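Engineer: Which chain is which? The protein sequence lines are A and B, in order. Counting in the numbering used here, the first sequence runs from 1 upward without gaps. Counting in the numbering used here, the second sequence runs from 1 upward without gaps.
No wet-lab data here; the hints were simulated from the structure. In this text, all values refer to a predicted model and were calculated from it rather than measured experimentally. Just to be clear, a hint being listed does not mean it is correct.
[Claimed, not checked] A few chain B residues facing chain A, derived, Cβ under 7 Å:
id	residue
1	Leu43
2	Tyr48
3	Phe106
4	Gly109
Backbone N, C-alpha and C fix where the C-beta goes; we use that ideal spot for every residue, glycine too.
Residues per chain are reported as follows:
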Amino acid sequence: GQQVMQIPQYQHVQEGEDFTTYCNSSTTLSNIQWYKQRPGGHPVFLIQLVKSGEVKKQKRLTFQFGEAKKNSSLHITATQTTDVGTYFCAGLQRETSGSRLTFGEGTQLTVNP
Amino acid sequence: DAGVIQSPRHEVTEMGQEVTLRCKPISGHNSLFWYRQTMMRGLELLIYFNNNVPIDDSGMPEDRFSAKMPNASFSTLKIQPSEPRDSAVYFCASSLRGGVAYGYTFGSGTRLTVV
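Work out the full structure: start from the sequences and follow the hints.
Structural biologist: Below you can see the structure in the form of structure tokens.
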């Protein structure tokens, strides 16, 4: 089945530093989604990427989808303490009867003030 | 919109007892998913429904787990009998159009502890 891998597993940064997490799939993805889970919370949808080579920005967050549609990255510029949480990528797998997400292991980000 | 509503938020039960987790998806969403989250295994898809019909239950650990969706506004996940290794956070999520474009909306989860 589809496997989605993320690195690093943990990242500790000082406030103001940049942060990047990488996501790789064993198969070509129709699209990829990113979620953020705050400590003690639930995953919250951030964005979806569909096109090969696509780049999307949300304020200090930049999301990229690889040309081969098998990898993706999330980059945060000048981290803030509010960025703390676990960031998950998830590959959307379409099937004849529906579709489902396969989540990566997540990257846990801590930001030291 | 109240979002995806799960109950209970916390459940502590003794090994061997039956546990029922409940979920109310967002009105109008036609897909519903049950995920389990643990430190060791991350977010695992247990089962998902499309238009109230179970599509794929290959993630259900074993026969002790069962899930139902009797109508578009309610789903249950039952564990009988429960075991300590079932301790985890169980999330229900719903989506519109299979999650394309709008992603999944997760509930707040049920933290299950089996002692």
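Engineer: Decide, hint by hint, whether the structure agrees.
Structural biologist: Here's how the hints hold up against the structure:
1. Leu43: holds, 4 Å
2. Tyr48: Cβ of Tyr48(B) sits 5 Å from chain A, so the hint holds.
3. Phe106: Hint on Phe106(B): holds, closest Cβ of chain A at ~4 Å, below 7 Å.
4. Gly109: Holds. Min distance 5 Å.
Of the numbered hints listed earlier, not one is contradicted by the structure.
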